[in-house]
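Asks: Residue strings, one per chain:
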Amino acid sequence: MPGQMSFVQNFPCFSIILCMFIGIISSAFKEKIARWLNIIALVVNIVLSAAVLLYTVRTGESYVYVMGRFPAPWGNELRVGMLETGLALFFCVIMLFCLLGGRHKLVQEVEEGKQGLYYVLADLMLSSLLALIYTNDLFTAYVFVEINTISACGLIMIRQNGRTIEAAVRYMIMSLLGSGLFLVGICMLYDLTGHLLMSNIKIEIARIVAEGAYRPPLLVTIAIISVGLAIKSALFPFHAWLPDAYGYSTVSSAAILSSLVSKGYIFLLFKIIYRVIGFEVFHDSKIVDILFLFGLMGMVFGSLSAIKENDIRRMIAFSSVAQVGYIYMGIGMGTQAGMVASVFHVVSHVATKSLLFISAIGLTDVSGGSRKFIELTGSGYRNKCAGVAFSVGSLSMVGVPMFSGFVSKLLFSQAAVQNDGKMLPTLIVLGISTILNAIYFMKTVIRIYTPVEEGEYPTVEWWSNKIYASVLLCFVVLNILLGVCSQPIVDLIESGLNIFA
Amino acid sequence: MGANLFNNYGEAVAMILFVIGCGNLMLQSNLIKKIIGLNIMDTAVYLFLAQKGYISGRVAPIVVDGVQSVEAYINPVPSGLVLTGIVVSVSVSALMLSLTIRLYQRYHTLDLDEISLQLKKEGL
Chain A
1 MPGQMSFVQN FPCFSIILCM FIGIISSAFK EKIARWLNII ALVVNIVLSA AVLLYTVRTG
61 ESYVYVMGRF PAPWGNELRV GMLETGLALF FCVIMLFCLL GGRHKLVQEV EEGKQGLYYV
121 LADLMLSSLL ALIYTNDLFT AYVFVEINTI SACGLIMIRQ NGRTIEAAVR YMIMSLLGSG
181 LFLVGICMLY DLTGHLLMSN IKIEIARIVA EGAYRPPLLV TIAIISVGLA IKSALFPFHA
241 WLPDAYGYST VSSAAILSSL VSKGYIFLLF KIIYRVIGFE VFHDSKIVDI LFLFGLMGMV
301 FGSLSAIKEN DIRRMIAFSS VAQVGYIYMG IGMGTQAGMV ASVFHVVSHV ATKSLLFISA
361 IGLTDVSGGS RKFIELTGSG YRNKCAGVAF SVGSLSMVGV PMFSGFVSKL LFSQAAVQND
421 GKMLPTLIVL GISTILNAIY FMKTVIRIYT PVEEGEYPTV EWWSNKIYAS VLLCFVVLNI
481 LLGVCSQPIV DLIESGLNIF A
Chain B
1 MGANLFNNYG EAVAMILFVI GCGNLMLQSN LIKKIIGLNI MDTAVYLFLA QKGYISGRVA
61 PIVVDGVQSV EAYINPVPSG LVLTGIVVSV SVSALMLSLT IRLYQRYHTL DLDEISLQLK
121 KEGL
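Residue numbers (my numbering), protein chains in the order written: chain A, 1 to 501; chain B, 1 to 124.
It is possible that some hints are incorrect.
Stated by the list, open to error - Listed next, the stretches of chain B that the computed footprint assigns to chain A, with coverage defined by at least 3 CB atoms under 8 Å from CB atoms of chain A: (1) 4-10; (2) 57-70.
To be verified - Cβ pair distances, simulated, as ranges: (3) A/A240 <-> B/A60: 40 to 46 Å; (4) A/P237 <-> B/A94: 27 to 33 Å; (5) B/I86 <-> A/P425: 51 to 57 Å; (6) B/S56 <-> A/A240: 41 to 47 Å; (7) A/V452 <-> B/L117: 34 to 40 Å; (8) A/I25 <-> B/F6: 38 to 44 Å.
Just so you know, the hints here were simulated from the structure itself, not pulled from any lab data. For every residue, glycine included, the Cβ atom is placed at its ideal position computed from N, Cα and C.
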């Protein structure tokens, strides 16, 4: 209905503004109020996103929300479809779980008086994630990429020890390189097309390509933007900053960083592929093959590094490298099916990786705080709840049926079979990577369920920390739900991608 | 190729500066030098934008005596982008410097590799 606007259509804008506003006012309040404000922001966001999701599913098409009163080629826009709202809803839910599940560690690990700031950073992080998901303007995307980087850096270093500050510095260096490249890419795109709104750029690029003009600059631009975002989302050769940043920060930060922050950048890349460059042009530029290759390498080398690791948190962090490799492999296949598989893997990895980080903390807590495998022996008996949750996460990562990881692996292999040129390498590496995953995750599961003599460490019952236990339960249910009822979600992703461009 | 490079010398210089800054950010082990590299890198992008946004013979789009023809003004958007970019880069530099101060207070060195070595010794 052109001209007439439903009230629901305002919600994406509201949710971005709300998070940012709450983030700003939280800094003036005490910790407890900041925490409650954060929870309220998340819950309100969940409700708003769910309403918009229902609305877009009912209308079956995406809509453009004009920010301010300047029409298309000049103003700023949000663009909202099923995929965007679905992911926004999902990200908010996961963020809520991550913050609740890691709260008791936050209280222990972060200095008194600084915990309020943690929630300020979390609010800013959420608003930047939502803006990255919804925005239809490239330069706005750049600004929010930087806000995201800064708040992510804050989340890493809020636990004050030498390790985390060093990790934050390394994270910043790589991230800033990535956003610098992204910025150059945007400037070159603006130079080529004269637009900053994604849809306008796409029309102009289609024209340029049809004329056959500016071929080298366009190729360089696509390459620079892809590499910039790949660095920020820790694709294989650029992952050096990742294990420290995820391994030593407080557990909520690790879960949020690994599951949400890197996915925000990946989603931006999806958006750029579909909405800015155009899928065909991107595919013809052969950049996909390079992403495919790095994705495959990441899948193998990430897992190999994880096997060598003797520290459970760093092992899970390295596993992220492998999983990001899967996502880029799906992008690199250059088919619609590959993209659907990638988006589903984004969802599945978000649910599983945060579960693994949150449950691992329960296991290390009952092992005297040590993260070495030898100390973790039998910890699955000492904290039954975390043990079960960790096993579920591991099974899902390995790709056992019933869990979400299985569905994404199934989708990847289906996509591979439909793709003649890349079928063999994909299937072979998928197989190798699954075996490697099984080695290090099953090794850990067996280790935590190896009985030891009584004594050394205390046993923790689930009711001693009810919030933690219920968060783990929610995660487990979410994982099984994604694994069992995957079809509606896959359908949603497919129809979302169809109207995405 | 050569003639194009000469005609667009502003852009060429910007790209060379970008690579220099990028190299400094990656390869220097001194944190302050890294931050300087970061700033060179960002500034190179602004030079690129400013160079692209300027059309010789035209003026800034500020209306003095009535609106003249469209041909009289330059495009104001790149200048706006430069301003936004400067704000972002200032805040990022400030954050990096504050992290550097923290590390220096703890380890009394600015060398990132040496800090990593000390961390290994601490065995945290």
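Asks: Which of the listed hints are not met by the structure?
Replies: 1, 2, 5, 8
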